[in-house]
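Novice: For reference, the chains in residue letters:
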Amino acid sequence: MSSLLEIQNLSISFHTPRGEIEAVRNISFSLSEGEVLAVVGESGCGKSVMCKGIMKLLPACAQIKSGRILVNGKDITGYGEREMCNLRGSFFSMIFQNPMTALNPTMPVGRQIGEAVKQKQPGISKKALQERVLELMQLVGIDSPKERMKLYPHHFSGGMRQRSVMAIALAGNPRILFADEPTTALDVTIQAQILDLLREVQQKLGTATIFVTHDMGAVARVADRVAVMYAGKIVEIGTAEEIFYDPRHPYTWGLMQSLPAFSRGKETLHTIPGMPPTLIHPPKGDAFACRNEYALAIDYEEEPPMFPVTDTHYAATWLLDARAPKVTAPVGRGRK
Amino acid sequence: MIKKILFFCISVWFLSALLFFISRLAPGDPLVSYYGERAEKMSVKEREWAEEQLGLDEPIFVQYIRWLENAIHGNFGISYKYKMDVVEVIGARIGNTLILGGIGFVLIFGLAMVLGILCAWYEDRLPDRIICQIGTVTSCIPEFWLSLLLILIFAVNLRWLPSSGAYAVGEADNIESRFRHLILPMTVVVTGHLWYYAYMIRNRILEEVRADYVLLARAKGLRRRSVMFRHCLRNVMPAYLSIMAISVPHILGGTYIVEMVFSYPGIGTLLYESARYKDYNLLMLLGILSGIAVIFCNMLSQIINEKIDPRMKADDAVREVEGR
Amino acid sequence: MSAEMGKEILLDVQHLSYHFPLTKKMEIKAVDDVSFKIRKREIFGLVGESGCGKSTLARCIMNVYKSKGGSIFYKGLNVCDAGTFRKNQKMLQTSRQMIFQDSDSSLNQRMKVCDIITEPLKIQHITPKRGSMRAEAEFQMYYVGLDAAYLDKYPGELSGGQRQRVAIARALAMEPELLVADEPIASLDVSIQAQIVNLFKHLQKEHGFSFLFIAHDLAMVEFLCDRVGVMYRGKLVEVAKAGDLFGDPRHPYTKALLSAIPVPDPVIERARKRIEFDEKDFCCEGTLVEISPEHFVLERGKEG
Chain A
103 MSSLLEIQNL SISFHTPRGE IEAVRNISFS LSEGEVLAVV GESGCGKSVM CKGIMKLLPA
163 CAQIKSGRIL VNGKDITGYG EREMCNLRGS FFSMIFQNPM TALNPTMPVG RQIGEAVKQK
223 QPGISKKALQ ERVLELMQLV GIDSPKERMK LYPHHFSGGM RQRSVMAIAL AGNPRILFAD
283 EPTTALDVTI QAQILDLLRE VQQKLGTATI FVTHDMGAVA RVADRVAVMY AGKIVEIGTA
343 EEIFYDPRHP YTWGLMQSLP AFSRGKETLH TIPGMPPTLI HPPKGDAFAC RNEYALAIDY
403 EEEPPMFPVT DTHYAATWLL DARAPKVTAP VGRGRK
Chain B
-5 MIKKILFFCI SVWFLSALLF FISRLAPGDP LVSYYGERAE KMSVKEREWA EEQLGLDEPI
55 FVQYIRWLEN AIHGNFGISY KYKMDVVEVI GARIGNTLIL GGIGFVLIFG LAMVLGILCA
115 WYEDRLPDRI ICQIGTVTSC IPEFWLSLLL ILIFAVNLRW LPSSGAYAVG EADNIESRFR
175 HLILPMTVVV TGHLWYYAYM IRNRILEEVR ADYVLLARAK GLRRRSVMFR HCLRNVMPAY
235 LSIMAISVPH ILGGTYIVEM VFSYPGIGTL LYESARYKDY NLLMLLGILS GIAVIFCNML
295 SQIINEKIDP RMKADDAVRE VEGR
Chain C
107 MSAEMGKEIL LDVQHLSYHF PLTKKMEIKA VDDVSFKIRK REIFGLVGES GCGKSTLARC
167 IMNVYKSKGG SIFYKGLNVC DAGTFRKNQK MLQTSRQMIF QDSDSSLNQR MKVCDIITEP
227 LKIQHITPKR GSMRAEAEFQ MYYVGLDAAY LDKYPGELSG GQRQRVAIAR ALAMEPELLV
287 ADEPIASLDV SIQAQIVNLF KHLQKEHGFS FLFIAHDLAM VEFLCDRVGV MYRGKLVEVA
347 KAGDLFGDPR HPYTKALLSA IPVPDPVIER ARKRIEFDEK DFCCEGTLVE ISPEHFVLER
407 GKEG
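Chains as they are written, first to last, in our numbering: chain A, 103 to 438; chain B, -5 to 318; chain C, 107 to 410.
For the record, the hints were derived by calculation from the structure and aren't laboratory data. Bear in mind the structure is a predicted one, so any value in this text is a computation, not a measurement. Any given hint might turn out to be false.
[Stated by the list, open to error] DSS-like cross-link-like pairs, simulated, lysine-lysine; straight-line CA separation at most 27 Å:
hint: 1; chain 1: C; residue 1: 347; chain 2: C; residue 2: 361
hint: 2; chain 1: C; residue 1: 347; chain 2: C; residue 2: 307
hint: 3; chain 1: C; residue 1: 379; chain 2: A; residue 2: 306
hint: 4; chain 1: C; residue 1: 235; chain 2: C; residue 2: 196
hint: 5; chain 1: A; residue 1: 158; chain 2: A; residue 2: 176
hint: 6; chain 1: C; residue 1: 193; chain 2: C; residue 2: 143
hint: 7; chain 1: C; residue 1: 311; chain 2: A; residue 2: 368
hint: 8; chain 1: C; residue 1: 361; chain 2: A; residue 2: 368
hint: 9; chain 1: A; residue 1: 220; chain 2: A; residue 2: 252
hint: 10; chain 1: C; residue 1: 146; chain 2: C; residue 2: 386
hint: 11; chain 1: C; residue 1: 386; chain 2: A; residue 2: 248
hint: 12; chain 1: A; residue 1: 252; chain 2: B; residue 2: 301
hint: 13; chain 1: C; residue 1: 135; chain 2: C; residue 2: 386
hint: 14; chain 1: C; residue 1: 235; chain 2: C; residue 2: 193
hint: 15; chain 1: A; residue 1: 368; chain 2: C; residue 2: 347
hint: 16; chain 1: B; residue 1: 301; chain 2: A; residue 2: 248
hint: 17; chain 1: C; residue 1: 146; chain 2: A; residue 2: 368
hint: 18; chain 1: A; residue 1: 252; chain 2: C; residue 2: 386
hint: 19; chain 1: C; residue 1: 311; chain 2: C; residue 2: 181
hint: 20; chain 1: A; residue 1: 386; chain 2: A; residue 2: 167
hint: 21; chain 1: C; residue 1: 235; chain 2: C; residue 2: 259
hint: 22; chain 1: C; residue 1: 143; chain 2: C; residue 2: 181
hint: 23; chain 1: C; residue 1: 196; chain 2: C; residue 2: 143
hint: 24; chain 1: C; residue 1: 193; chain 2: C; residue 2: 172
hint: 25; chain 1: A; residue 1: 368; chain 2: C; residue 2: 307
[As the list claims (entries may be wrong)] Okay, the calculated bits of chain A under chain B, using three or more residues with CB under 8 Å as the criterion:
hint: 26; region: 178 to 190
hint: 27; region: 386 to 395
[Claimed, not checked] Computed list of chain C residues with no C-beta within reach of chain A, every gap over 10 Å:
hint: 28; residue: 228
hint: 29; residue: 262
hint: 30; residue: 313
hint: 31; residue: 386
Note that beta-carbon positions come from the ideal geometry of N, C-alpha and C, so glycine has one too.
Just need the whole structure built from these sequences, with the hints factored in.
Specialist: What follows is the structure in structure tokens.
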């Protein structure tokens, strides 16, 4: 498997009047052709900034401080707006959290999809364009597309809008799809449908997907690999099986334990104490240390490096150091 | 629709009554405008006779009913000062005001759009800051003061442009002369209103630029220019159109002041004179015409808001039901 | 526990309906012939997708909307009746409290936390039990797990979870007997959600109020609630004890809803088949039928 997208030591900061916000700190990972990578973390952990940062869709106050973004081995870190426009839509594309606001309310849905198609095939004939739009709408499971393409977004339900957004995102046959919490704003039943659609389309078109979410259940359904983010850093990354059955980072343990399914039959839910740190002045050492019941003295002093667990599984916690005391994970297969 | 027409008629009627009573209760002598200087030397007998002639001796209420009766038949009476049918008096002047106001209106909204887009495009960068600064300063200058300043510089000192009137004597059909007379009043009308609308457009566009759908449009590979013109501007337009409609009376009011300062023979000067000299019939018709313009424009903006924006239809009810 | 909970009914909703008129001819039946009861010291969960009428139902119960049919008995008083409501206004307004989803807009941004918490007391002219208003606010803050230092801050300076705690403190300051929470955790982060749910559970035990918990996160409802009602298109389609409902769902919509909850286990989750619910199958006529003790399902006709 060749690597389609490679991120090396990427750091992104926002310059605000209150100071510099280090939203993404020193992230590295790679994405292979046709694979689904789920990025999990609480809001404000930088997962969505990372996606927008790779597509350079961030506002002007955001800046890539260091690191490289490689696309098919080519460095696009220094690309300007014009070059990015050519990549957007055709190489990577994005769907967003809130389908209610992601569509232009004053333009028929069909035209918005058509616009995306035209972007990649400027000389397309009117008839071919319409056919392509209908094809895309069918692909994302919108019934009777012919009638619906003339409707405005407000005629559509939330699920239907998210499908339309997906059609727009897929119009240019992108190789990578960024899905930024695509199901969070939807109802449970619709959520499930969109997840299945995402998986189905992904398998049909072979589009690699970066799926950003905070829902571990959704991750289990669609992801091949999982990256857990906390305070702007990837703290653990591995295949879905490794993360779910053999998690190594205490934050991953905490995330799993706060699922209600974990506390079934108990009096209280397990919680991670405290709150995520602000990223204006990230704490020294491991950012998770003060919420971590397994924290070691070194966690407050020095940031842990990524320790390899297997070839595909890495975790940034001092617990994996040879000198650390042995701790048995409270979740995963180790417990059962 | 019938409801709206009914509402319109009632508003106009209410306005006419209000105008009638207020103008007659205000101090001033209407005979002065009819007889000029002579009115002051009249004996009591003569005055009574003159008032009877003009129908001013009856109680106000009866006068109003009589006026209303005549007005419904299209007879608005004669102007005391010009001794002509008021419709004719206004007809002779309204063209000048429409030229000043109409061209001014187009210029204001055209330029405001261009400046607004420019500012939004260069948000917080140099062009934006310069335009905003200039706008803040100029919009603080009162119109009459700016008029006087311009007259002083361009008409009195430099002698480039005429200071008053709509055309040079005897050259009513000379387009160039009319144009030269228009420049100064037009400048004042435009600079007085331009910045407010330019600023509004800028902020509206910036609001749109921050919306999620812009992100999606950019994510699908659209260039910034297409996003700005095809998406953002499109969504700003309904609001802009309705504001254009509302602002008609506002700009009209502005031209009235400017007309007076430049002695431009339009409705504004006429209105001023009629109010000052108690030329009742003229004042009534002018007031009602202006009022109709205001009411009509407000209704128009309401209709635009309802019709153009596809979001406005039945959407609110649905949102209410969804409870979010 | 259930024996102590007793049979005493606090809130009894009978055949409640609420319609939003769309045009002269059309209307939306937001709440359509809904009946259920909440007992004293009970946590009742109400789930359903957005637009199913659960928020409207809550607002009807709180007398925010005037219901268009049916009746709501609170402590035996018909609060839908304007006269009864006016006579008992003070009692009704103090002993029923509500918490909203969006703590950002449900707390006045220009008021300090201390004033927000004590405002209901001032409005109802209640003398604070703990001496001063300030002491009362401090006590409530402590109770919901917030530091008293936050009292002089504005809501904008707090995080979402902290704001929701302030909203809870405000509701609890009145010592309510019925607390209605409309999606109180929906806009919070996962780890914070768990904290708030724990807080609810703890507070309910301490105070013993009845609690109507509206949510669309079914897993949380299963954990927190004693009994659960499922709403669909303005109708209550199934009511049962939490264990019964989640263990043995009967209505096809409930089944579809439960099967949509993802299981956090990749191997099981990927292989799992979902149950789809076709809205055409939904029959809007019908009555709730008790199929086993305390387990009611909407069925067409009496025989099903």
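Novice: All the hints need checking, so say for each whether the structure fits it.
Specialist: Results for each hint:
Proximity of residue 347 of chain C to residue 361 of chain C is assessed by CA-CA distance (about 15 Å); at most 27 Å being required, the pair is judged to hold. A C-alpha spacing of about 17 Å is found between residue 347 of chain C and residue 307 of chain C, which places the hinted pair at or below 27 Å, so the restraint holds. Distance hint between residue 379 of chain C and residue 306 of chain A is fulfilled; the C-alpha atoms sit about 19 Å from each other, no more than 27 Å. Our distance criterion of 27 Å between C-alpha atoms is met by residue 235 of chain C and residue 196 of chain C, whose separation comes to about 18 Å.
A threshold of 27 Å between alpha carbons decides the hint, and for residue 158 of chain A with residue 176 of chain A the separation of about 16 Å falls inside it, so the pair holds. With a C-alpha separation of about 23 Å, the suggested pair residue 193 of chain C and residue 143 of chain C falls inside the 27 Å cut-off, and the hint holds. A hinted pair counts as satisfied when its Cα atoms are at most 27 Å apart, and residue 311 of chain C with residue 368 of chain A qualifies at roughly 15 Å. Restraint check: the Cα-Cα separation between residue 361 of chain C and residue 368 of chain A comes to about 24 Å, which is no more than 27 Å; the hinted pair holds.
With a C-alpha separation of about 17 Å, the suggested pair residue 220 of chain A and residue 252 of chain A falls inside the 27 Å cut-off, and the hint holds. Restraint check for residue 146 of chain C and residue 386 of chain C: not satisfied, since their Cα atoms lie roughly 38 Å apart, outside the 27 Å limit. For the hint pairing residue 386 of chain C with residue 248 of chain A, the CA-to-CA distance comes to about 22 Å; that is within 27 Å, so the pair holds. Simply put, residue 252 of chain A and residue 301 of chain B have alpha-carbon atoms about 17 Å apart, close enough for the 27 Å limit, and the pair holds.
Proposed proximity of residue 135 of chain C and residue 386 of chain C is supported: the alpha carbons are some 17 Å apart, at most 27 Å. As the CA atoms of residue 235 of chain C and residue 193 of chain C are separated by approximately 25 Å, the hinted pair is consistent with the 27 Å bound. Of the pairs offered as hints, the one joining residue 368 of chain A and residue 347 of chain C holds, with about 17 Å between alpha carbons and a cut-off of 27 Å not exceeded. With a C-alpha separation of about 25 Å, the suggested pair residue 301 of chain B and residue 248 of chain A falls inside the 27 Å cut-off, and the hint holds.
Note on residue 146 of chain C and residue 368 of chain A: the hinted pairing holds, with a Cα-Cα distance of about 23 Å set against a maximum of 27 Å. At most 27 Å may separate the alpha-carbon atoms for a hinted pair to count; residue 252 of chain A and residue 386 of chain C meet this at roughly 25 Å. Taken as a hint, the residue 311 of chain C and residue 181 of chain C pair is honoured in the structure, with Cα atoms around 20 Å apart against an allowance of 27 Å. Restraint check for residue 386 of chain A and residue 167 of chain A: the C-alpha separation of about 19 Å stays at or below 27 Å, so the hint holds.
Distance restraint check for residue 235 of chain C and residue 259 of chain C: the Cα-Cα separation of roughly 23 Å lies within the 27 Å cut-off, and the hinted pair is therefore satisfied. The straight-line distance between the Cα atoms of residue 143 of chain C and residue 181 of chain C is roughly 11 Å, inside the 27 Å bound, and the hint therefore holds. A C-alpha spacing of about 23 Å is found between residue 196 of chain C and residue 143 of chain C, which places the hinted pair at or below 27 Å, so the restraint holds. Distance restraint check for residue 193 of chain C and residue 172 of chain C: the Cα-Cα separation of roughly 17 Å lies within the 27 Å cut-off, and the hinted pair is therefore satisfied.
Only pairs whose Cα atoms come within 27 Å are accepted, and residue 368 of chain A paired with residue 307 of chain C is accepted, the gap being roughly 12 Å. For the region 178 to 190 of chain A, the proposed coverage by chain B is satisfied: 6 residues have a C-beta within less than 8 Å of a C-beta in that chain, meeting the threshold of three. Counting residues of the region 386 to 395 of chain A whose beta carbon lies closer than 8 Å to any beta carbon of chain B gives 0, which falls short of the minimum of three for the stated coverage. The claim that residue 228 of chain C lies off the interface holds: its Cβ sits roughly 31 Å from the closest Cβ of chain A, which is beyond the 10 Å cut-off.
With a minimum CB-CB distance of about 13 Å to chain A, residue 262 of chain C clears the 10 Å threshold, and the non-interface call stands. Every Cβ of chain A is farther than 10 Å from the Cβ of residue 313 of chain C; the closest lies at roughly 17 Å, confirming the non-interface assignment. For residue 386 of chain C, the shortest C-beta to C-beta distance to chain A comes to about 13 Å, beyond the 10 Å cut-off, and the non-interface label holds.
In terms of the numbered hints stated before, the structure departs from hints 10 and 27, listed from lowest to highest.
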